[in-house]
Every structure is written in structure tokens, then in C-alpha cells.
Amino acid sequence: MIGYRDGDSVLHRAHPYTPLAIATALLLAVFALTSPASVGVAVALAVVLALAGRALGYVARPALIIGVTTWVLLLILHGLLDPGPRIALGPLSFSAEGLARAAVLGGRITAILFAFLTVLAVVSPARLVEAMTDRGVPFGRMYLVVSTLTLVPRLRERASRILEAQQCRGLALGGSPVARVAALGPLVLPLVLGALAEVDEQVLALDSRGADSGLVRTALDPPADSAGGRILRWACALLVLAAYAAKFAGHAL
Amino acid sequence: MSLRNLVLVRLGVAVNLVIGQIVAALVLPVYLDAVGTILVAALAGPRAAVAAGLVSQVLAAVLSGNFSWLPFALVQIVIALYASLAARLGLFRRMATALPAGLLLGALAGGTAAPIAYFVFGGATAGGVTAVTTVLRALGAPLKVAVFTSSLSTDLLDKTIAFALVCLILRSLPTHLAARFPALAR
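Just so you know, the protein sequences line up as chains A and B, in that order. Just so you know, we're using our numbering here: the first sequence kicks off at 1 and counts up by one. Just so you know, we're using our numbering here: the second sequence kicks off at 254 and counts up by one.
Calculated directly from the structure, the hints in this document are not laboratory data. We put the beta carbon where it would ideally sit given N, CA and C, even for glycine. Where hints are given, some of them may not hold.
A few chain A residues that face chain B, going by a derived Cβ cut-off under 8 Å, partial list only [unchecked claim]:
#, residue
1, L113
2, G140
3, M142
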């Protein structure tokens, strides 16, 4: 299960921008790191972030499920198939250089997964919207992210109904690849044309709510921000800059 | 962005995220996760299409939990800009022009995705693309060549079908609906 979970951790109480800034900094910084040890530190930091959000158990499962596929593929592509000096691990022989490369690439992805899954677990969407409103983020941007999340399940349900209806009318989902590509039309057309027909209705609904009035909205209950939170966010930005400055100055991290 | 375009972008993002369900039911070796972006490009132009592509990538990450795919947002931008140009040139009006235009987009998208797959993921993305990469690598192809070939082969088919679908959608639009999208008339 992925998504927000109620809690009272330091990350739950923090301004929503703070965990987002930490995760974004990790996402950017890991690509400046090139050694297995430094990437290992980034993974450890991401795990600490999950611990700080009291979400490690909740986050670890999806992170490992998603990450393990990548790790296995990396070990095959780089560890097994790369040339060069070999290391024997049980019955398998791995390339030493390939293993190091797989560790760096896999570690980066693991760090990103832990960091952002933690953000999903600790940042309440409602608080995030309040924070964005408070900071004057235009309505359109918030609408796109928040409202689309509500549209997706509705469209999924409609796609299922269309699939069933077309099968009832004799549409075969199997057969040759050409027949299956041809079946896309009767399935996708009603879905998209039906949704396009509703565009006007939604424009009217938004217009009646003054969505394009251009006025700055007032947040009802904006999340409190702290000096510590602001300093942490600036520190994240500076750390990313420092990591890339070191990388481009030729100091391998 | 006008309210109409905003609603269209939302619809395009939802189509990008939902169409996988239909593709999975048909067991097709493609993603078609840019059909919404291409449709928005044809109906509302490049700015809305870029927004649709970027929001799709972010929401796909939020819904799947796989945030490591965020760098592929660059591919969505390329698709949005190219599809807008194709729409402006009228390439969606006939299937005979939409198919080659889709094929060319496949080459462009594959060419953009391959360096991301190589440098960020070391070639290990997911699914069928990586299976092709692994087979090519096992046959002795250098990793760069294997990643580029697998990325290109998947995208050529994927984007050609996506362009054909959007051409079909635009041609099937009832006149009263088509009249509401001025970009379509250009």
C-alpha cells in the first residue's frame, strides 16, 4: 500500500515543503555520487528519513518490491555480463567492476525510492494543498495534480465498463498481434470521446468557482513553518550545489 | 493557461495513466502512456501538452511509488513538442501521414530515453525493454548498443500506434466537439 498514513512524527508535524525538499535534494544529490560508499551513505540517509517519519516498516515493503527487480536486472546486466576481472560468489562469477557499478546504480534508485515513499507516507495531501495555497501557488497547478488524482479512478472504472461492454458485443481481446492492436480503437475511442464531451461541463464548474479570477486565494488553515524547517530546506539546496560543485571540480564523491 | 486547456490537460494526464489498463487487457508489448500528451498537443498546443506530459510523469510516480522514473519526464517534453509541431503541420488529418510521423517520434523518443536508461539506470529499467537489452548483451552487444536498440525498438512501435490512435480520435470527434478546439482547425 502506498500513500499517506496518519501519524505524529517530526516529519508529519513539519511544514510539507520540508520532507519534500529533503527528498528532492536526495534525488538530485545521488546523481553527483559515483562511489558505492557515498551512495551507501545516501541510502542510509533515506532510511533515516523514513525512520524520522516513523514509516520505515510501511515504506520498506513497496521500496523493496520495486527496487528488487532493478537490483536483479543490474546484477545480471553489469555483474554477470560485464567483462573484466571476476569475483566468485557461490556458483556464480561476477565482474568486480560491474558489481561496483550495479551497487552505485541500484543504491541511487533505492535512496530515491525510500525518500519519496516516505514523503508520500508523511505529507498529507490536504496539508500540502493548504501550504501551496498559502505560498500563492496558482490554482491551475494545484487543480492539475489534486483533481487528476480524483479523475483517474473514475476513468479506470469507465475503462473497465467499456471493456466489458465491447466484449459483450463480440470484441475479442485475444488473437494475433494485429487483431489486438485493431481492438484498441473500439476500446480507447469511447473512453476518450466520452471524456472530451464532458470538458465543457467541467469548464463551467471551474468558472462558476472563480478559478480564473486571478485573485490570490486565502488558505483556511496553513501549516505552520519554523525557522529550523526553513534552515533545513536551505541546507538541502546548498548540499546539492556543493555535491555538484565537487563533482565538476573533479573530486569524485 | 485557459480553463478549457486546464481541463484538457487534466484529461490528457488521466488518459496517459489509465490507458495502460486497456493495453494490459489486450496483452500488447507497448505502453501507450503518451496518447494523452499527444492528444492535448493536437487540441491545445505545446504549452498544455508539456504540462500534461510533466504532470503525467509525476502522478505516475505518485500512484506507482516508483519515483526513480522521474528522469523520463524529459521524453514526455520531447513528445509534447514534436506532437504539437505534427498537429500544426496537419499530420493527424490522414492516417497515411500520422503513421510515418509516429514512427519518427518513436525514433526521437527512443533516442531521448536511451541515454536516460543507460546513464541513470545502467540499462535496467523494467519489463520488455530490459529483457531485450539483456538478450542483446548476452549475445555480446556492448551495453550502450543494447540499451539504444531495445529502447528504439519499443518506442518505434509504441509511438506509431499512439499517433494512429490520436489520428483516429481526432477524425471521430463529432463536429460540435471539434469546433470547440481552435488549435484543431489550424
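Hints, verified against the model:
| no. | hint | in the structure |
| --- | --- | --- |
| 1 | L113 | holds (6 Å) |
| 2 | G140 | holds (5 Å) |
| 3 | M142 | violated (11 Å) |
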